[in-house]
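Top line first, the protein sequences correspond to chains A and B.
The first sequence begins at 36 in this note's numbering and counts up by one.
The second sequence begins at 36 in this note's numbering and counts up by one.
It is worth saying that the hints were derived from the structure and are not from the lab.
Keep in mind that the hints are not guaranteed to be accurate.
Because identical chains share one entry, a pair is satisfied inside a single copy or across any pair of copies.
Capping the alpha-carbon separation at 20 Å, the derived lysine to any residue pairs in SDA-like fashion look like this [stated by the list, open to error]:
{"#": "1", "residue 1": "83", "residue 2": "406"}
{"#": "2", "residue 1": "174", "residue 2": "188"}
{"#": "3", "residue 1": "204", "residue 2": "390"}
{"#": "4", "residue 1": "275", "residue 2": "235"}
{"#": "5", "residue 1": "248", "residue 2": "281"}
{"#": "6", "residue 1": "83", "residue 2": "407"}
{"#": "7", "residue 1": "377", "residue 2": "190"}
{"#": "8", "residue 1": "245", "residue 2": "332"}
{"#": "9", "residue 1": "386", "residue 2": "187"}
{"#": "10", "residue 1": "386", "residue 2": "104"}
{"#": "11", "residue 1": "174", "residue 2": "140"}
{"#": "12", "residue 1": "52", "residue 2": "102"}
{"#": "13", "residue 1": "275", "residue 2": "302"}
{"#": "14", "residue 1": "108", "residue 2": "418"}
{"#": "15", "residue 1": "108", "residue 2": "368"}
{"#": "16", "residue 1": "108", "residue 2": "369"}
{"#": "17", "residue 1": "108", "residue 2": "387"}
{"#": "18", "residue 1": "312", "residue 2": "343"}
{"#": "19", "residue 1": "386", "residue 2": "186"}
{"#": "20", "residue 1": "227", "residue 2": "441"}
{"#": "21", "residue 1": "454", "residue 2": "120"}
{"#": "22", "residue 1": "108", "residue 2": "390"}
{"#": "23", "residue 1": "108", "residue 2": "407"}
Fair warning: this is a prediction, and the values are worked out from it, not measured in the lab.
Protein chains: 2
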Amino acid sequence: MFKFETVSREGKARAGKLTTPHGIVNTPAFLPVGTQASVKALSSEDLKDIGCQIVLGSTYHLYLRPGVDVIQKMGGLHQFMNWDGPMLTDSGGFQVFSLGFGVEHGVGKMVPLFGGEMVLGEMLDTEVTALARRTKLAKVEEEGPTFQSHLDGTSHFFPPEKSIEAQVKIGADLIVALDELTSPLHDYNYTKVSLERTNRWEKRSLKFFKSHKDHKVNRQEIFGVVQGGPFEDLRIGSAKFVSDNDFFGVAVGGALVNNETMLKILDWIYPELDPQKPRHLLGIGTVPEIFAGVERGMDMFDAVVPTRLGRMGHILIKVMGCETKEKGREEGMKNVWRVYNKQRYAYDITKEVFAMDPAPLDPHCSCYTCTHYTRAYVHHLFRARELLAYRLASVHNVQFVVDLMREIREAIAAKRFAKLKENWVQYSE
Amino acid sequence: MFKFETVSREGKARAGKLTTPHGIVNTPAFLPVGTQASVKALSSEDLKDIGCQIVLGSTYHLYLRPGVDVIQKMGGLHQFMNWDGPMLTDSGGFQVFSLGFGVEHGVGKMVPLFGGEMVLGEMLDTEVTALARRTKLAKVEEEGPTFQSHLDGTSHFFPPEKSIEAQVKIGADLIVALDELTSPLHDYNYTKVSLERTNRWEKRSLKFFKSHKDHKVNRQEIFGVVQGGPFEDLRIGSAKFVSDNDFFGVAVGGALVNNETMLKILDWIYPELDPQKPRHLLGIGTVPEIFAGVERGMDMFDAVVPTRLGRMGHILIKVMGCETKEKGREEGMKNVWRVYNKQRYAYDITKEVFAMDPAPLDPHCSCYTCTHYTRAYVHHLFRARELLAYRLASVHNVQFVVDLMREIREAIAAKRFAKLKENWVQYSE
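Next up, chain A with everything else stripped away, as it sits in the complex (with noise of 0.2 Å):
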């Protein structure tokens, strides 16, 4: 029932075939993130309709509110938000993270939302204080972590073992061994001595996984997860465990460290990874991250970043490359043009040259928002807090995002994704 094929490469970037019980996902794949078992503002009607194949869940979010037992009362995730499609679920090691040393270091996903711009209902009071205080909600012991739910602070045991069953109480097809990441401050010594730890976390979550009644049915498969920090030597053994050991996939863990740092961790696990398994880089989906992933033998990638943007009312827009500069003054891409962040691949829909501008968010997108309304209505939207801005720009941005996957699957069996890349980042890089 899960089977993975490579059906086109071009140098290390290959397109593939995921098969899973709920159907297939091409690769290179996006994942939207459902969180909460909703990609915010989207409904998974409107994912259908955008042509996602596959949406991630996360297991600290469900495992809180509403509860797995509700979840597999409810007939598992898929059923519970009308999703028959495939699915994955992080294992809640991020989370932990973000509670723990995430809050103590200053690092990670609470960070640039305290610091920056505040998304709509996604930064809670207790999380506000903690991060304020620096108090860690979370500690880790060598038979599990314990966190303090930021809903309500009562403390949880979170060992390998509750997160695989867990995962496999919510029921996507796709689940992930619980790992410990570490923080960018962290050295070496610490980071080794965490990585040993999430190497026998990894065993007792396979262990767990294989014996576990409901996995006979081969309904679901589980990805190892590759950390290890900025450390050359930590990764590569990292990588080795993970393709040495049964898991069915392989998923490379750590965002927090700086984007080189990245690219350079991509290039350093490279040999040692199974060509035969599905290679997830979690949370990871800029435009330049996607195509540096892609460019370095990555399969999936998640992110909140298109669903957050829109919220914001950054649309998602690319207006280089194949459209030179002077291309870009087109009619209408001028407006887009004036205020385009070549960084984000995105322009603030709030500005005021979008008031009376006719144009669709993007001329050149074929999404529900683009062929429905206009700039200026969107603007009005999020302008006057309108709660359809956010579900018009969110749809449009995840839009965005699969069709570049799309490109640049049909790239790679075209041997021109070298092109389409140089297309893509050559003024953003």
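Starting from the known structure of chain A, arrange chain B on it as the hints suggest.
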């Protein structure tokens, strides 16, 4: 291009057909309120899928943001919000009142919000402050009212001619003459003086509209408004005035009086109303009010009730009448019955009892939400404050009222409206 015909009747109740340049409205009809060019949380396509035939826009809100010039330049409100069906705009009179005596007397639009449940994004700081201080933000003089924007405090002189000019530019099929609302705390003398002024404003509205160059193309028609507070002779006089003048339709204002008084008013004015003209009961939209209005010859209703209740998690449903209290205990209704609010015809989906309820919001409903999602899921979305919650609940609640109106029309055609009413309102009255 404009026509109103009665197609069947039962007592004073009547089913009709209202023809506009953008299509036909079967009456009695309910108009969801798109205050700021968006029916909150819904897209125009959502409204079409629901079977909604006509939408209301708020001139006051659109005048302030995005501004009527923006809407006109974007092709009018139909094109701006991608709604190609019939549309009505109100005059702004109700909002001017809310900012004026509404604040001073502590009645009207803002009060239930201020004192009661807060609704996402509806209450603004300036409004709260004004209400707390009881500082009027509008004054009324013979030439016209002047109000302060709730957005930025700027002062706006808003005579009848300006309201009509705005409504012509906005471009709804049906527009409304400018009136002054009175508060239930106003005495006979003030109400009489106010009504006489309202009559002069309505004449000015009509004159300005009829002489407006854009009117000649016959793309809009105008409603007069019946005011006069709770006073019989004033209401009768006002109804005569509107009937005798060349208004296409009659709007009945003053939704702030209590229900009992409103019924009396409708009884008083009925003999004076021109049967050729469609009749809109402004700002009214609960189930008992709709039945009472239809019973007294009203053809159109508008209210934010269904969408506002939806955003608070209150799900409209009928568990009375055709289903007896016993039958209400059928599978799928048990939980609803336990927490049912008979006055509201609604239950609160955020209650714990729905955490694992696998039924749709209403097992008898065919809306998008009920055919795709469970109560457990919608409950979770509200608990987790996911944006999708507001859309799913609003879709259902608007569908509920649109379906109710269809049922009412069919009942009138079959001469069983009285029976239908009894069936619906026996428990709540």
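Structure-based check of each hint:
| no. | hint | result |
| --- | --- | --- |
| 1 | 83 with 406 | both (16 Å within a copy, 16 Å between copies) |
| 2 | 174 with 188 | within (14 Å within a copy, 51 Å between copies) |
| 3 | 204 with 390 | between (48 Å within a copy, 17 Å between copies) |
| 4 | 275 with 235 | within (14 Å within a copy, 86 Å between copies) |
| 5 | 248 with 281 | within (17 Å within a copy, 78 Å between copies) |
| 6 | 83 with 407 | both (17 Å within a copy, 13 Å between copies) |
| 7 | 377 with 190 | neither (43 Å within a copy, 41 Å between copies) |
| 8 | 245 with 332 | neither (27 Å within a copy, 70 Å between copies) |
| 9 | 386 with 187 | between (38 Å within a copy, 18 Å between copies) |
| 10 | 386 with 104 | between (45 Å within a copy, 18 Å between copies) |
| 11 | 174 with 140 | within (13 Å within a copy, 57 Å between copies) |
| 12 | 52 with 102 | neither (32 Å within a copy, 51 Å between copies) |
| 13 | 275 with 302 | within (14 Å within a copy, 84 Å between copies) |
| 14 | 108 with 418 | between (41 Å within a copy, 18 Å between copies) |
| 15 | 108 with 368 | between (50 Å within a copy, 19 Å between copies) |
| 16 | 108 with 369 | between (53 Å within a copy, 18 Å between copies) |
| 17 | 108 with 387 | between (49 Å within a copy, 15 Å between copies) |
| 18 | 312 with 343 | neither (30 Å within a copy, 50 Å between copies) |
| 19 | 386 with 186 | between (35 Å within a copy, 18 Å between copies) |
| 20 | 227 with 441 | neither (38 Å within a copy, 69 Å between copies) |
| 21 | 454 with 120 | neither (32 Å within a copy, 47 Å between copies) |
| 22 | 108 with 390 | between (48 Å within a copy, 10 Å between copies) |
| 23 | 108 with 407 | between (39 Å within a copy, 17 Å between copies) |
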